[in-house]
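Participant: Protein chains in written order, with this note's numbering: chain A, 1 to 82; chain B, 83 to 164; chain C, 165 to 315; chain D, 316 to 466.
Subject to a maximum C-alpha distance of 25 Å in a straight line, what follows is the list of computed DSS-like cross-link-like pairs (lysine-lysine): (1) A/K12 - D/K359; (2) C/K233 - C/K221; (3) C/K305 - B/K100; (4) A/K18 - D/K372; (5) C/K208 - B/K94; (6) C/K221 - C/K279; (7) C/K233 - C/K279; (8) D/K456 - D/K384.
Over 10 Å on every C-beta distance to chain D, these chain A residues come out as not near it, computed from the model: (9) L24; (10) A29; (11) A39; (12) I66.
Read the hints as simulated data drawn from the structure, not as lab findings.
Backbone N, C-alpha and C define an ideal beta-carbon position, used for all residues, glycine too.
These are the residues of each chain, in order.
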Amino acid sequence: MKINVILYGVLKQDAGVKRHTLDLSSDPATVRAAVSELAAQIPALAARLETVAYVIDDEIVDPDTILHDGDQLALLPPVSGG
Amino acid sequence: MKINVILYGVLKQDAGVKRHTLDLSSDPATVRAAVSELAAQIPALAARLETVAYVIDDEIVDPDTILHDGDQLALLPPVSGG
Amino acid sequence: MGRWITEEPLALEPLLQETDDHGSGALLVFYGTVRNTNEGRPVKSMAYEAHISMAEKVLRELEQEVIEKFNARHCRIIHRIGHLALGEPSVIIVVRSAHRADGYAGSRYAIDELKQRAPIWKEEHYADGDSQYLDGVPLRKSAGKPEQAKE
Amino acid sequence: MGRWITEEPLALEPLLQETDDHGSGALLVFYGTVRNTNEGRPVKSMAYEAHISMAEKVLRELEQEVIEKFNARHCRIIHRIGHLALGEPSVIIVVRSAHRADGYAGSRYAIDELKQRAPIWKEEHYADGDSQYLDGVPLRKSAGKPEQAKE
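Can you make the complete structure from the sequences, with help from the hints?
Facilitator: Here it is, written out as structure tokens:
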């Protein structure tokens with residue numbers, strides 16, 4: 001199944017892309033599994049992923065959350081608004 | 083000697099005048115003596131005078147301050163700005 | 165009358181221009197506005213008066229204190245006198261500082277001290293046609309001296 | 316983009332009109348503005364980006380929290396994204412309350428929580444041509460739940 005990953009801030013900068021499509025072999029898969037696959041595909045992100053929040057439909061979700069085909073998973077680095 | 087008293091806020095309201103000239107028999111006289119004379123001349127002010135501040139040349143002064151002929155003595159009731 | 169005490173409606177924009185500063189990251193603006201009730205009684209309007217020359221001196225001193233005590237970069241205080249309608253601002257306090265904690269603390273200090281030290285009086289006019297001067301805070305000679313300043 | 320997150324330069328006047336209220340006696344306005352230095356390094360400009368839909372949701376929730384927790388009568392928060400010049404406001408927070416203590420506390424809460432919870436990032440552009448994303452605060456799922464709210 002396919003998951004659309006959207007990167008923000010320094011993650012986008014480090015990855016060099018704003019969006020990345022993951023083709024996951026297992027279906028369903030957890031957020032944790034998707035992020036692990038992302039780190040394998042874009043090693044520049046690996047060091048950042050510990051402090052990242054996972055967001056689906058504008059809500060922060062747990063790493064155990066189940067992803068479905070076509071889901072948009074946003075990865076948010078530490079925030080610095082204001 | 084003559085002292086010009088200027089009244090503010092509720093003092094002006096109670097006295098019915100903004101300015102009042104005091105003709106004091108003693109020269110020099112203290113602020114205390116002038117205020118005492120004022121209370122005698124305008125009894126409506128007497129009850130207010132305990133919480134009044136005495137001001138000459140934009141500075142709060144003590145009741146023992148010596149007045150000179152022609153001085154302007156402002157009497158300021160408790161304040162409520164803002 | 166002039167820089168600190170005015171009969172004109174208060175406007176923020178000139179104060180922002182006066183204090184424009186690229187070294188500040190925080191800008192706090194406090195407005196006191198005329199409220200439609202006081203202690204449950206409907207208010208129709210408010211009349212402010214001041215000992216103008218002394219009030220200007222006190223507000224000028226307060227601006228300096230905010231800068232010195234709270235590390236603010238700029239402070240401007242302006243208070244209106246005369247007859248104000250509901251909702252109109254009676255006072256505007258602008259504080260610019262590098263960081264926001266100083267701005268909040270300095271702004272709060274300015275309005276709290278103004279209410280204790282500025283020779284200004286308000287008379288509420290009620291919907292029923294009555295009016296009265298509000299109880300206030302007796303002015304103290306020592307008010308605002310550094311050793312007695314509030315935290 | 317819209318009511319809480321915008322690419323347009325921020326303006327106070329529309330927020331004052333939206334929140335106009337004769338029941339309030341205090342109006343607090345906080346502006347965050349772009350500062351010309353950070354940790355000693357000369358800054359030339361600042362770029363802000365956001366997860367827009369989520370940021371709008373968080374700011375809307377924050378407005379409600381300020382009203383409920385601090386007895387404020389109105390709260391509006393607007394944050395700009397895009398490229399900002401020195402001195403320009405990145406955020407404006409308006410709080411109206413009957414009394415000033417609630418206004419100061421509510422305004423401070425809003426900016427402190429915004430910095431913890433809003434999915435917004437800033438990238439500083441330096442005078443020497445370099446740029447970098449600033450270190451930030453990791454977003455927590457539980458942030459802003461009442462039992463974890465700051466005093």
